[in-house]
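Model the full structure from these sequences, guided by the hints.
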Amino acid sequence: MHLFVYDTNMNSSVASKLAEKIKAMRAIQLNINKKMLEGQFKIPIHLAIGHEAVSACLAEAFSPSDKLLLTHRNIHFQLAFGATEEQLTNEYLLKPSGLASGKLGSMNLMNPNTGNIYTSNILGNNFSVALGIALSLKLKKQDGVVWIITGDGAIEEGAFYEAVLISASWKLPIVFVVENNKWSLGTSILERRTEIDLCKFADSMNVGFQSLKDNDINNYLNTMLKTREIVAVNTQPQVLEVEVHSLGGFYVAEDQDSKRYINYHAGAIKIEPDENGIFEKNSTDPVFTSLENSNKGDY
Amino acid sequence: MELTFTQYVNTKIRHNFSSYEHSVIFGQNIVSGSRISGLGAGLDQISNCVAFNTTNSENSLMGLGFGLALSETPSLFLMKQHDFALLGLDQLTNTHNVLRNGRLLAPFIVLMVVIDSGFEGPQASLSSLDEFASLSRAPIYFLSSKENIDKAFEMASAPGLHLMALSQKNMKNICTPSQLQVTDCDGAIIYKYLPNKDNPKIAVVFFGVNISIAREISEELSNKNYCVSLINIIKLSKIKLTSPLFYEITQHDTIVLIDTGKSDVHFSTDLAFNLKENGNNINLYQRGPSQKWSVVSDDAIEFDVQSVVQKIVKGTEIV
Numbered sequence: 000m001h002l003f004v005y006d007t008n009m010n011s012s013v014a015s016k017l018a019e020k021i022k023a024m025r026a027i028q029l030n031i032n033k034k035m036l037e038g039q040f041k042i043p044i045h046l047a048i049g050h051e052a053v054s055a056c057l058a059e060a061f062s063p064s065d066k067l068l069l070t071h072r073n074i075h076f077q078l079a080f081g082a083t084e085e086q087l088t089n090e091y092l093l094k095p096s097g098l099a100s101g102k103l104g105s106m107n108l109m110n111p112n113t114g115n116i117y118t119s120n121i122l123g124n125n126f127s128v129a130l131g132i133a134l135s136l137k138l139k140k141q142d143g144v145v146w147i148i149t150g151d152g153a154i155e156e157g158a159f160y161e162a163v164l165i166s167a168s169w170k171l172p173i174v175f176v177v178e179n180n181k182w183s184l185g186t187s188i189l190e191r192r193t194e195i196d197l198c199k200f201a202d203s204m205n206v207g208f209q210s211l212k213d214n215d216i217n218n219y220l221n222t223m224l225k226t227r228e229i230v231a232v233n234t235q236p237q238v239l240e241v242e243v244h245s246l247g248g249f250y251v252a253e254d255q256d257s258k259r260y261i262n263y264h265a266g267a268i269k270i271e272p273d274e275n276g277i278f279e280k281n282s283t284d285p286v287f288t289s290l291e292n293s294n295k296g297d298y
Numbered sequence: 000m001e002l003t004f005t006q007y008v009n010t011k012i013r014h015n016f017s018s019y020e021h022s023v024i025f026g027q028n029i030v031s032g033s034r035i036s037g038l039g040a041g042l043d044q045i046s047n048c049v050a051f052n053t054t055n056s057e058n059s060l061m062g063l064g065f066g067l068a069l070s071e072t073p074s075l076f077l078m079k080q081h082d083f084a085l086l087g088l089d090q091l092t093n094t095h096n097v098l099r100n101g102r103l104l105a106p107f108i109v110l111m112v113v114i115d116s117g118f119e120g121p122q123a124s125l126s127s128l129d130e131f132a133s134l135s136r137a138p139i140y141f142l143s144s145k146e147n148i149d150k151a152f153e154m155a156s157a158p159g160l161h162l163m164a165l166s167q168k169n170m171k172n173i174c175t176p177s178q179l180q181v182t183d184c185d186g187a188i189i190y191k192y193l194p195n196k197d198n199p200k201i202a203v204v205f206f207g208v209n210i211s212i213a214r215e216i217s218e219e220l221s222n223k224n225y226c227v228s229l230i231n232i233i234k235l236s237k238i239k240l241t242s243p244l245f246y247e248i249t250q251h252d253t254i255v256l257i258d259t260g261k262s263d264v265h266f267s268t269d270l271a272f273n274l275k276e277n278g279n280n281i282n283l284y285q286r287g288p289s290q291k292w293s294v295v296s297d298d299a300i301e302f303d304v305q306s307v308v309q310k311i312v313k314g315t316e317i318v
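So the sequences go chain by chain: R and P. First residue of the first sequence? That's 0 in numbering that gives the first Met the number 0, and the numbers climb one at a time after it. First residue of the second sequence? That's 0 in numbering that gives the first Met the number 0, and the numbers climb one at a time after it.
By construction, these hints were calculated from the structure, which means they are not laboratory data. Fair warning: this is a prediction, and the values are worked out from it, not measured in the lab. The beta carbon of each residue, even a glycine, is placed where N, CA and C say it ideally should be. It is possible that some hints are incorrect.
[Unchecked claim] Covered stretches of chain R, going by a simulated chain P footprint (3 or more residues, C-beta under 8 Å): (1) 20-32; (2) 52-58; (3) 115-122; (4) 157-166.
[Stated by the list, open to error] Have a look at the derived ranges for each label pair, beta carbon to beta carbon: (5) 63/R to 180/P: 54 to 62 Å; (6) 310/P to 43/R: 49 to 57 Å; (7) 241/P to 193/R: 56 to 64 Å; (8) 280/P to 94/R: 47 to 55 Å; (9) 263/P to 266/R: 37 to 45 Å; (10) 198/R to 102/P: 34 to 42 Å.
[What the hints assert, rightly or not] Calculated lysine to aspartate or glutamate pairs in the EDC-like style (CA-CA distance at most 16 Å, straight line): (11) 199/R to 240/R; (12) 139/R to 20/P; (13) 137/R to 20/P.
Listed below in structure tokens is the structure:
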């Protein structure tokens with residue numbers, strides 16, 4: 000899937016291709032959202048509206064020998080890695096024609112054909128499985144990097160500390176991709192803990208660190224390619240923190256003078272985007288940002 | 000040459016892992032220091048096998064084995080104490096629940112030492128294998144005799160999770176082949192004492208890591224001319240009513256179930272219930288729960304050989 004060479008600027012056709020992909024992923028999620036509103040699914044589904052740039056760029060940086068470990072919120076990765084709307088819908092309907100033959104549903108959905116060999120809905124559970132996969136790659140001298148997707152909630156688990164420590168100690172080819180949306184269910188980071196400086200944390204164990212924000216797909220892709228190269232060549236783990244905004248949150252009036260923000264976590268979104276599927280006309284929305292930049296020819 | 004349980008298990012590990020193209024043996028202090036009282040001796044010399052000491056991160060180490068098995072790399076997690084595995088229960092339960100339907104492509108063995116020597120305190124002396132087998136939905140192999148060990152390692156060459164338990168008390172004891180008539184029956188080894196068809200048939204069914212009490216009871220009953228089958232469970236799991244093992248157990252006049260585990264729920268209780276429903280004459284001996292388990296104690300089993308034997312003799316007089 001390598002389309003680019005690290006450190007070169009993305010050409011405009013690639014930028015528009017990525018922008019179109021992100022837009023299409025949004026459209027499919029919105030179609031699935033409609034089906035959720037109609038009550039078609041019995042299973043819990045976690046949409047990833049606002050997370051599309053991370054997964055689209057990772058799919059481009061991903062090598063066929065790489066492995067991908069996901070979490071309960073995996074729809075954006077399944078779409079970026081080639082799952083169709085029909086495959087996903089049928090999986091969520093638990094039909095044999097689904098992506099995993101209707102056996103895994105949403106929160107454990109995996110697609111080994113694309114390198115996604117494990118998905119867990121338990122916070123922090125997939126870190127250690129990634130260690131074993133990476134150790135096997137290293138021992139067998141196989142190419143490949145293990146991309147493990149996690150979030151700002153899961154890094155609060157002790158398993159994250161253990162996994163970074165072990166991967167650094169054994170020099171395992173792992174990229175810890177932390178999708179930081181600043182929320183864990185309905186509780187923001189500010190409400191539940193002190194800030195974690197992942198750069199300092201990683202540095203304390205001689206692990207490299209990169210951070211991404213604002214849905215800048217040029218920067219996202221180049222950083223991911225660069226990170227992959229460091230991990231593959233040096234067999235040294237890296238932490239890649241990506242700021243994301245889970246769109247679809249809403250306010251509820253508590254009394255006459257106050258309202259409370261409810262962060263989107265799971266289930267159907269009840270607010271309407273515009274005709275392009277855009278929720279926010281700013282850098283928090285990857286559809287808006289990628290289309291804007293693509294149209295401007297910035298890339 | 001006579002081998003101790005430690006040495007014999009060590010040879011079985013080396014035998015299994017020398018046959019793989021790539022494999023991993025890992026755990027805390029397994030190839031340095033005492034190497035878990037010798038269990039880890041020479042494991043770093045196995046060709047094509049990487050054996051190494053790890054960090055103290057049991058949860059991650061448990062998941063590590065699953066990741067290796069997903070990648071077709073056989074592995075063994077050698078664990079000094081059974082209670083350490085509590086930290087890996089998320090992996091044994093949640094990860095195994097997702098992967099146990101054919102997704103594990105290589106064996107992943109977790110070998111735990113059950114600390115049953117006494118005076119280790121209430122935490123280290125955990126012996127709750129029933130709960131582990133129940134939560135993980137994987138049988139636990141009791142490494143309680145040479146025959147059990149042979150069978151357990153044979154089964155553990157298949158892809159998937161394999162949990163094994165070894166008695167610390169047994170580790171320095173000699174592990175010799177039985178001189179009795181031995182048969183392998185569907186997850187258990189049957190040792191026949193005095194196969195005299197005219198006398199009452201007694202089955203002593205044993206669940207545990209250290210078979211010595213069941214062996215002593217069987218010998219005592221045998222000395223009193225009963226026809227005894229010591230049925231040593233290898234795989235701690237639910238024994239189905241339709242299984243050959245259940246049928247074999249029911250073919251005895253009296254059944255003595257002995258369970259030395261410290262769980263609050265037992266697979267042996269389930270077996271006792273089904274045998275009773277089947278109309279069999281059963282005597283069930285299980286441990287505690289005891290207040291002694293919450294303090295440092297000798298950890299002695301709460302019933303003894305003579306009391307068990309006397310009760311059986313009283314209920315099954317030889318004419």
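Hints and how they fare:
By the rule of at least three residues with a Cβ nearer than 8 Å to a Cβ of chain P, the coverage given for the segment 20-32 of chain R is violated, with 0 such residues. Coverage of a stretch by a chain is defined here by at least three residues with a beta carbon nearer than 8 Å to that chain's beta carbons; for the segment 52-58 of chain R and chain P the count is 0, and the condition is violated. For the segment 115-122 of chain R, the proposed coverage by chain P is satisfied: 5 residues have a C-beta within less than 8 Å of a C-beta in that chain, meeting the threshold of three. Under a criterion of three residues with beta carbons nearer than 8 Å to beta carbons of chain P, the stated coverage of the segment 157-166 of chain R is upheld, 6 such residues being counted.
Between residue 63/R and residue 180/P the Cβ separation comes to about 57 Å, which falls inside the hinted range of 54 to 62 Å. For residue 310/P paired with residue 43/R, a C-beta distance near 54 Å keeps the hint of 49 to 57 Å intact. Hint check: residue 241/P to residue 193/R, Cβ distance near 58 Å, so the stated range 56 to 64 Å holds. At about 52 Å, the CB distance of residue 280/P to residue 94/R agrees with the hint of 47 to 55 Å.
Distance hint check for residue 263/P and residue 266/R: the Cβ-Cβ separation is about 38 Å, which falls inside the suggested range of 37 to 45 Å. Range check, residue 198/R to residue 102/P: about 36 Å between beta-carbon atoms, so the 34 to 42 Å window is met. In summary, the hint linking residue 199/R to residue 240/R is supported, as the alpha carbons are separated by about 12 Å, within the 16 Å threshold. Taken as a hint, the residue 139/R and residue 20/P pair is honoured in the structure, with Cα atoms around 9 Å apart against an allowance of 16 Å.
Using a Cα cut-off of 16 Å, the hinted pair residue 137/R and residue 20/P holds, with the two alpha carbons roughly 14 Å apart.
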